[in-house]
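Chains as they are written, first to last, in our numbering: chain L, 1 to 463; chain Y, 1 to 185.
The hints are simulated quantities; they were obtained by calculation from the structure and are not laboratory data.
The reader is advised that the hints may include incorrect statements.
Unchecked claim - Using C-beta positions, here's what the derived DEER-type ranges look like:
1) Y:104 to L:20: 25 to 31 Å
2) L:34 to Y:74: 28 to 34 Å
3) Y:173 to L:33: 34 to 40 Å
4) L:27 to Y:80: 21 to 27 Å
5) L:34 to Y:180: 43 to 49 Å
6) L:34 to Y:104: 20 to 26 Å
Cβ coordinates follow ideal geometry from the N, Cα and C atoms, glycine included.
Single-letter residue listing:
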Amino acid sequence: MVDPARDEIERWRRKYEREHKARMQAEEIAERFTRDALHDPLTGLANRALFLDRLQHALAATGRHRTPLATVVLDLDGFKEINDSFGHEVGDELLCAVAKRLTEAVRSIDTVARLGGDEFALVIEDVDEAGKEIAIERVKRALAAPFLIRGQPRQVGGSFGMVLSRGNIDSPTDMLRRADMAMYAAKREGKLGHAIFETGMHTAMVFRLEMKSALQQALTEKEFILHYQPIVELPGGRITGMEALVRWNRQDGGIVGPMEFIPLAEETGMIVPLGWWVLDESCRQFSDWRFRESKHKELSLHVNLSPQQLHDPQAAAQVLDALSRYGLSTERLVLELTETSIMQDVESSLVAMEKLTALGVRMSIDDFGTGYSSLSYLQKLPVSVLKIDKSFVDTVAESKEGAALVRAIIGVGAALELQVVAEGVERVEQVGRLQALNCRYAQGYFFSRPLDTTAMSEYLTSG
Amino acid sequence: MKGIIFNLLEEVVTTHISEKTWDEILESAVVDGAYTSLGNYPDEEFASLLGAVSRQCGKSEREALKWFGQLAMPCLAKRYPEFFTAHTGMRSFLLSLNDVIHAEVRKLYPGAEVPVFDFETPVGAAAHDTLIMHYRSRRRLCPLAEGFIAGASEQFAEAVAVTQSSCMLDGADECLFVCRFEKRA
Numbered sequence: 001m002v003d004p005a006r007d008e009i010e011r012w013r014r015k016y017e018r019e020h021k022a023r024m025q026a027e028e029i030a031e032r033f034t035r036d037a038l039h040d041p042l043t044g045l046a047n048r049a050l051f052l053d054r055l056q057h058a059l060a061a062t063g064r065h066r067t068p069l070a071t072v073v074l075d076l077d078g079f080k081e082i083n084d085s086f087g088h089e090v091g092d093e094l095l096c097a098v099a100k101r102l103t104e105a106v107r108s109i110d111t112v113a114r115l116g117g118d119e120f121a122l123v124i125e126d127v128d129e130a131g132k133e134i135a136i137e138r139v140k141r142a143l144a145a146p147f148l149i150r151g152q153p154r155q156v157g158g159s160f161g162m163v164l165s166r167g168n169i170d171s172p173t174d175m176l177r178r179a180d181m182a183m184y185a186a187k188r189e190g191k192l193g194h195a196i197f198e199t200g201m202h203t204a205m206v207f208r209l210e211m212k213s214a215l216q217q218a219l220t221e222k223e224f225i226l227h228y229q230p231i232v233e234l235p236g237g238r239i240t241g242m243e244a245l246v247r248w249n250r251q252d253g254g255i256v257g258p259m260e261f262i263p264l265a266e267e268t269g270m271i272v273p274l275g276w277w278v279l280d281e282s283c284r285q286f287s288d289w290r291f292r293e294s295k296h297k298e299l300s301l302h303v304n305l306s307p308q309q310l311h312d313p314q315a316a317a318q319v320l321d322a323l324s325r326y327g328l329s330t331e332r333l334v335l336e337l338t339e340t341s342i343m344q345d346v347e348s349s350l351v352a353m354e355k356l357t358a359l360g361v362r363m364s365i366d367d368f369g370t371g372y373s374s375l376s377y378l379q380k381l382p383v384s385v386l387k388i389d390k391s392f393v394d395t396v397a398e399s400k401e402g403a404a405l406v407r408a409i410i411g412v413g414a415a416l417e418l419q420v421v422a423e424g425v426e427r428v429e430q431v432g433r434l435q436a437l438n439c440r441y442a443q444g445y446f447f448s449r450p451l452d453t454t455a456m457s458e459y460l461t462s463g
Numbered sequence: 001m002k003g004i005i006f007n008l009l010e011e012v013v014t015t016h017i018s019e020k021t022w023d024e025i026l027e028s029a030v031v032d033g034a035y036t037s038l039g040n041y042p043d044e045e046f047a048s049l050l051g052a053v054s055r056q057c058g059k060s061e062r063e064a065l066k067w068f069g070q071l072a073m074p075c076l077a078k079r080y081p082e083f084f085t086a087h088t089g090m091r092s093f094l095l096s097l098n099d100v101i102h103a104e105v106r107k108l109y110p111g112a113e114v115p116v117f118d119f120e121t122p123v124g125a126a127a128h129d130t131l132i133m134h135y136r137s138r139r140r141l142c143p144l145a146e147g148f149i150a151g152a153s154e155q156f157a158e159a160v161a162v163t164q165s166s167c168m169l170d171g172a173d174e175c176l177f178v179c180r181f182e183k184r185a
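Only chain L is shown next, with the shape it has when bound in the complex:
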């Protein structure tokens, strides 16, 4: 017999069970939402939101207990190339492998996060001096071993920056920004570099950023000017050529020397348009001087060429354009490359240099003696001029060793039939010694400082 009361109770029991089950499902879904919102779906690591949250908590704890806390920001090298050449799947696999190694490298209480792209970050709590060194070592080791990419072991470097808080930093974004700055500083160090944030870094970074934008503006506003330094013959000091040197005449006053802005211009790639402007402007000015008096017909113009310009596919066209625009023949121009820049990639430098010498332009090795070029390469390179670095010229008069080095360089130059120019000649004793060593050309303050256009015009007229 059906008992209506029991039936009713049974129905309520079932309803309760259903509702309970539905609630459990809802909780599970809510949990998954939270997990999805706080974790990187690819690697399962904490995402930026969770990372900042954990960092916030850790910073608060550091403030209370005064136990130092480290944050590391890490960026892989060449990840884009791997993605581009092997496809995103392989790139994703690599990211997962890095995530795994980093997780294994730190303690379970530490947080490993993927901030996006190929950028990872760590929060390491409770680090004293020794702990800091251990953490750096472990992160380095995690990346140092090759990764298997498409079954092939491949070295994947990375750079990382670290910042420590001893309760002195309380905002997670501040902490992250400083770690970022240290990471960028580390990037300049090269493969597997690391840097620890220092207080001066912030100021330096701001300064660099300001310089970059000012530089960009300078290029459009034509704030760059050229100075010219005579190159003279020994003995006698008769001018045979001149080197064009760029200066930055800032609108807000003051002339900035090349040491300050050339590295920045190289970093930003602005060296290429700037360099071609220097070539064009110096050709214009040089042609003006050369055609003014026939005694200047034999002068040569030396212009510095950055490695980026050398490898610019437009290099030959740029050079020819500048020369023909001002009616100069190619043999008047000497393009100077530093020994270091040639040696960065000697084979491709060789090819690029040959394209230029094929035009009839001469090439010179600047700062010779500082770039470890071997004599066999020197023989292969299509150069006509060697410029002895100032550091050797500085000691030529004082020390036997200095004189011996300069004598050797001059000997090499003579053997390869190159013109040798001594750079940075400042004192009369140096001149005497260089003459004694049969150095035929010199440049330096002893003969003349770099001159602005007006002063150079006077120098040429009086000389």
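Put chain Y on the given structure of chain L with help from the hints.
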């Protein structure tokens, strides 16, 4: 299919028939009946529940679906009043389906697979009071849409005469509804 539809079906059955009937429906559909609005459940489970509803009520499945849609509308209006209060009439409510309502539904219920409605306004005299509505959905639940329209008409106190000129259930590529609105005095 999203749990919310199952929740609505339960609400309609228990409110308009009885809790006991819902129990019997669950039993005859052989499902455990635990649904949370955010969850995803197999479409077959809904089909089997609908079959049970149609048997219980002595209606065809089409009729049962339309019945459900019409009665579910007030429950939806209770849960999501903002979808309704933004509109002064049926016409603007229907026109907001794709771009506003279903867009919001996707935010509330990630992964929700919503039907697509396309609208046409006939040229000429009928332009103001007629709307031609195309319905496309893999699930082919056009009677539900028709029921929703009927329910919304009550919600907005605006009579709508709906005629369906083609139907996916009869093999058409899409369903075509012609809605004629008559403002109630």
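Each hint tested on the structure:
At roughly 30 Å, the beta carbons of residue 104 of chain Y and residue 20 of chain L sit within the given window of 25 to 31 Å. Take residue 34 of chain L and residue 74 of chain Y: their Cβ atoms lie about 33 Å apart, and the range 28 to 34 Å holds. At roughly 37 Å, the beta carbons of residue 173 of chain Y and residue 33 of chain L sit within the given window of 34 to 40 Å. A hinted range of 21 to 27 Å holds for the C-beta pair residue 27 of chain L and residue 80 of chain Y, which are about 23 Å apart.
A beta carbon spacing of about 48 Å between residue 34 of chain L and residue 180 of chain Y agrees with the range 43 to 49 Å that was offered as a hint. About 21 Å separates the C-beta atoms of residue 34 of chain L and residue 104 of chain Y, a value consistent with the hinted range of 20 to 26 Å.
Hint compliance for this structure: every hint is met.
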